[in-house]
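S.K.: Okay, here's what each chain looks like letter by letter:
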Amino acid sequence: MIRSLLLLLSLVLVGIAFAFTTNPPYPLQIPNSFGHRYTIPLDNLLTVEGVALGRYLFYDSLLSKNNTISCSSCHQQSLAFTDGFTLSIGVSGRPTFRNSMSLANLLWVRDFFWDGHSKTLEAQALIPMDHPDEMGLAPEKSAQKLQQTKFYPERFQKAFGTDQITPELMAKALAQFERTLISANSSYDQYLQGKYPLTPAEKRGMELFMRGTSRDQNIRGANCAHCHGGAQFFQNRFHNNGLDASPLDPGRQEVTGFEDDFARFRVPTLRNIALTAPYMHDGRFKTLEEVVDHYSDHIAQSRTLSADLQGMISLTSSEKKDLIAFLHTLTDQEFIRNPAFSNPFLRP
Amino acid sequence: MYSTPISAHDFQWLIPHLMIVSPNRSIRVTSIGLSTFTGFHFQTENRKLMKYLLLSFFFISSVSAQTVLKISGEVTQPLNLQANDLKALPHVEVKAKDRDGKEHRYSGVPVIELLKKAGVTVGAQLRGENLVKYALVRAADGYEVLFALPELDPEFSTRTIILAESVDGTSLPSGTGPYRIVVPEEKKPARWIREVREIEIRFVK
Chain A
125 MIRSLLLLLS LVLVGIAFAF TTNPPYPLQI PNSFGHRYTI PLDNLLTVEG VALGRYLFYD
185 SLLSKNNTIS CSSCHQQSLA FTDGFTLSIG VSGRPTFRNS MSLANLLWVR DFFWDGHSKT
245 LEAQALIPMD HPDEMGLAPE KSAQKLQQTK FYPERFQKAF GTDQITPELM AKALAQFERT
305 LISANSSYDQ YLQGKYPLTP AEKRGMELFM RGTSRDQNIR GANCAHCHGG AQFFQNRFHN
365 NGLDASPLDP GRQEVTGFED DFARFRVPTL RNIALTAPYM HDGRFKTLEE VVDHYSDHIA
425 QSRTLSADLQ GMISLTSSEK KDLIAFLHTL TDQEFIRNPA FSNPFLRP
Chain B
29 MYSTPISAHD FQWLIPHLMI VSPNRSIRVT SIGLSTFTGF HFQTENRKLM KYLLLSFFFI
89 SSVSAQTVLK ISGEVTQPLN LQANDLKALP HVEVKAKDRD GKEHRYSGVP VIELLKKAGV
149 TVGAQLRGEN LVKYALVRAA DGYEVLFALP ELDPEFSTRT IILAESVDGT SLPSGTGPYR
209 IVVPEEKKPA RWIREVREIE IRFVK
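So the protein sequences, as listed, match chains A and B. Sequential numbering from 125 applies to the first sequence in this note's numbering. Sequential numbering from 29 applies to the second sequence in this note's numbering.
It should be emphasised that the hints constitute simulated quantities derived from the structure, not laboratory data. Be a bit skeptical, because a hint or two may be false.
As a list, the in silico EDC-like pairs of lysine to aspartate or glutamate whose alpha-carbon atoms are at most 20 Å apart [as the list claims (entries may be wrong)]: (1) K243(A) - E172(B); (2) K274(A) - E264(A); (3) K243(A) - E226(B); (4) K144(B) - E183(B); (5) K123(B) - E214(B); (6) K410(A) - D421(A); (7) K216(B) - D340(A); (8) K125(B) - D340(A); (9) K98(B) - E383(A); (10) K145(B) - E226(B); (11) K265(A) - D287(A); (12) K243(A) - E228(B); (13) K130(B) - D340(A); (14) K215(B) - D340(A); (15) K161(B) - E179(B); (16) K125(B) - D432(A); (17) K215(B) - E179(B); (18) K98(B) - D384(A); (19) K216(B) - D432(A); (20) K130(B) - E213(B); (21) K445(A) - E414(A); (22) K115(B) - E141(B); (23) K265(A) - E278(A); (24) K216(B) - D126(B); (25) K98(B) - D235(A).
Every value quoted in this text rests on a predicted model; they were computed, and no experiment measured them.
If we strip away everything but chain B, and leave its shape as in the complex, we get (with noise of 0.2 Å):
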């Protein structure tokens, strides 16, 4: 069973004018200039007009800089990854078969890569207790997969596990990318999970 207590965090819709609004769209919100409104949900018409605005600010704000990727859990050095900042780390082509059944070459970032700039327990230090540490894969959409450590570690593993970002030399399409880990060599690409959105370590309780 998880537990976890109540935080402050969840309460702060009770400020009344944010009501409906979560932390991350209330910023949004005020930042171009629309704090007057009270309520989101509080007349049709503001609502259409306020999704409207909130529509365009979306696309404005997506030109600018965005977390891809977030790295937490037992890390010494949580991440907050953009997109250039994933293109700085190094790159790995692997080959692997997708449920086409057809053989594709995949590029990106070896996962291990990544667990190092995070700071997790790898390579040297994956031994005793640290064993049963896992990564706990999260794609855009709530699906979830799990890998223990050692098999993302070429220490045990002989197989490399990529956080890919292009297929054939493309990149991948939108619903499967812009991240997806490939996994060569197993059998059913269930843990070939699409949109890949978070990474988070974790300790068996």
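This is chain A alone, in the form it adopts within the complex (with noise of 0.2 Å):
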């Protein structure tokens, strides 16, 4: 009798026990068009607890050096998780070497950084922390100012089962969190599943990004899909578009060695462009017209320019138009109002 009513007890605790524990995975909408080709380490798979922690620690300046700037001090939602500046701004004030980048799709992103030197996202994360001049603080530091919360330690408990925080388990909060910024509905998207008409200047730019110039054919394309095509509108590949015929910054060099490498950055997505600026891994043009004025107009021969770029066409104003126009149907305003990505100190 005793050694069941025994049992019976530890059967319900062990319940209990469970219920407080329990972290389900988090349900991830992968859109159809995007394809699974995509890596999430097995020992940091989505779960609920994670994310949001990984939630809070995106939008903590706690992590910061003097409590004044946080990931999304460079990554704001309402611009796509970009800053609006041609460099960035940290602890330290001075700016980052490179143009803030968007953090859309990230899943789908297999080198990160302009020059890909970063493989994974939990490698990625604790980098701009320990930047002197982004967060300026060592994560071990970091690890050490959340350990003294009341906030934190009961979070990581819930996320990874122990409230025992290193910068490890920072990253991988962190990581979690990005993974779930995905943006796959913009008007181009609605057109794709026939619930937005293009306009007619839309249309055409459309059709200018997809295709190339084919002379015989009497075909006017500006071939910018060849590089920043397919559904996510970027492509894991590296790329001289012909800023300078004498670049500084050797790029894609400095991580792989190879000479021909030289001034090759990674092609970024456009997805949410319009909202993106100011553009280039230097943040040198600061609208579109630019940007489409230099494939157009101001290619720059150098050694290592794409071949793809070569037989670029010149552009008419009104194509310029077209192409421009085609280029604010991939913003995705569901994308920066999603409650979900805001700051979860004031919406939680």
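With the hints as a guide, dock the two chains, each given alone in a separate frame, to form the complex.
M.R.: See the structure below:
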């Protein structure tokens, strides 16, 4: 009798413990057209608590040296997670070396940063924390700071089953949150689903964007899709898109050591591009007009200039307007307003 | 879905003074005696100087031997080939039409020779589950194309797919070469991948 009572009691206790520790998997909605060629490390599968914790960390300036800068300072949701600056300013007041990048659809990115020097979001996340010109605080120190709060140990317990905060767990939580930042509901996506009619200008712009020039068939194309094509509007590829005749930034070459990679940079996403000015790795162009003028009229020849840009045609001013009209259809209002991606300290 | 665990390697940048420098780069930096700089991104001044030194170092290092083609994956012998290793392999010439619609003579190594050297299951071994293996060819810019192994094996296919290094007797121009896959008789040259750097043999999962 006592034995069975004890058994019952322990069963109830286990049940209670289970109810407190369950942390269901996060239901990630993968757009069909994006496909499933992405990497989620087996030891960091997405969970509801992990993503929620990552979101707090992303918006918390406690992670910076002087409690003023968070990831979101340079990656603001309203700007598709960029900051609107040519170069970003962190704790030191000195500008970063390159322009801030949009954080949309990172799940499909294979080499992070403009030069692709980071292979996983887990590895990537702690770099800005440590960087003297970004958040300027060693991840070990931020871990200690978080440990001393009332708020965080309990949340790490829920997310990872331990209240001992480490840089590695912080990186994992941040990576989980970043993987949920999917943008796939722009006017262009709605057009593909038959829910939004493109204007004639947008349609002409789309045709210019999607196809290359064919002289025999008398087709004019800007061939943008050759590099920025596919459902995500980027490819995991590195190119020199002709910004300078004598480039100063070696870009990809610093990572691979190959001379042929000199001044090559990752092809960034054009989703939400109307929101992510200024443009290019050094933020040199303020407007899409300047970008399109560049591709049409100012491609600079250099040793590693992409062969795909050698035959670029000069666009007429109405073609330029059409192309820009199309680029505006890539803005995803739902993405920049999604409450799940917003500051949880303001709106949990 | 592809899943890979995080490796210790991914955390290498934690070593304080290597910060944003990849393992590859840090070796280069230290080898020219610059390890005293703390933090690659520390100051713009330092960065400019570093860049200059790095560039001159790349210039020097490019003279020495460099791996030009990597063959990895489901192989018994992973290969890191240098230009001379490739020269030493059997060469053939094929005729094929490029985008310009004109026929050209391409000379290079049949891909099958590379696969044999790496110990890929071709020839008599290309049967059973080995038939669902493929070669993923990757270019410098990250462009990738795929060939099923039987497409590359002369026991299956009548055309010889080669890793070309010259066209009409001259080396391939930069941006196309040093190595480019040429697929004779293919109507659209989208798999004629330029600037080839890697061949990875994989099993369909």
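S.K.: All hints, please: hold or fail.
M.R.: These are the hints, each one checked on the structure:
Restraint check: the Cα-Cα separation between K243(A) and E172(B) comes to about 18 Å, which is no more than 20 Å; the hinted pair holds. Of the supplied pair hints, the one linking K274(A) and E264(A) holds, its CA atoms being roughly 18 Å apart against a limit of 20 Å. A hinted pair counts as satisfied when its Cα atoms are at most 20 Å apart, and K243(A) with E226(B) qualifies at roughly 17 Å. At most 20 Å may separate the alpha-carbon atoms for a hinted pair to count; K144(B) and E183(B) meet this at roughly 13 Å.
A distance of roughly 12 Å separates the Cα atoms of K123(B) and E214(B); the hinted pair therefore holds under the 20 Å criterion. The straight-line distance between the Cα atoms of K410(A) and D421(A) is roughly 17 Å, inside the 20 Å bound, and the hint therefore holds. For the proposed pair K216(B) and D340(A), the alpha carbon gap of about 16 Å is at most 20 Å, so the pair holds. This hinted pair checks out: K125(B) and D340(A) have alpha carbons roughly 17 Å apart, not beyond 20 Å.
A distance of roughly 17 Å separates the Cα atoms of K98(B) and E383(A); the hinted pair therefore holds under the 20 Å criterion. Distance restraint check for K145(B) and E226(B): the Cα-Cα separation of roughly 15 Å lies within the 20 Å cut-off, and the hinted pair is therefore satisfied. For the hint pairing K265(A) with D287(A), the CA-to-CA distance comes to about 16 Å; that is within 20 Å, so the pair holds. Annotation: proposed proximity of K243(A) to E228(B) holds, straight-line Cα distance about 18 Å (limit 20 Å).
In summary, the hint linking K130(B) to D340(A) is supported, as the alpha carbons are separated by about 14 Å, within the 20 Å threshold. Proposed proximity of K215(B) and D340(A) is supported: the alpha carbons are some 17 Å apart, at most 20 Å. The straight-line distance between the Cα atoms of K161(B) and E179(B) is roughly 11 Å, inside the 20 Å bound, and the hint therefore holds. Distance check on the hinted pair: K125(B) and D432(A) sit about 19 Å apart at the alpha-carbon level, within 20 Å; holds.
For a cut-off of 20 Å, the pair hint linking K215(B) to E179(B) stands: about 15 Å separates their Cα positions. Our distance criterion of 20 Å between C-alpha atoms is met by K98(B) and D384(A), whose separation comes to about 16 Å. With a C-alpha separation of about 16 Å, the suggested pairing of K216(B) with D432(A) holds against the 20 Å cut-off. Pair hint K130(B) plus E213(B) holds up; C-alpha atoms about 12 Å apart against a cutoff of 20 Å.
Straight-line distance between C-alpha atoms of K445(A) and E414(A) comes to about 12 Å, which keeps the hinted pair within the 20 Å bound. For the proposed pair K115(B) and E141(B), the alpha carbon gap of about 12 Å is at most 20 Å, so the pair holds. Between K265(A) and E278(A) the alpha-carbon distance is near 19 Å, which keeps this suggested pair within the 20 Å criterion. With a CA separation close to 9 Å, the supplied pair K216(B) and D126(B) stays within the 20 Å bound.
At most 20 Å may separate the alpha-carbon atoms for a hinted pair to count; K98(B) and D235(A) meet this at roughly 19 Å.
Taken one by one, the earlier hints all hold for this structure without exception.
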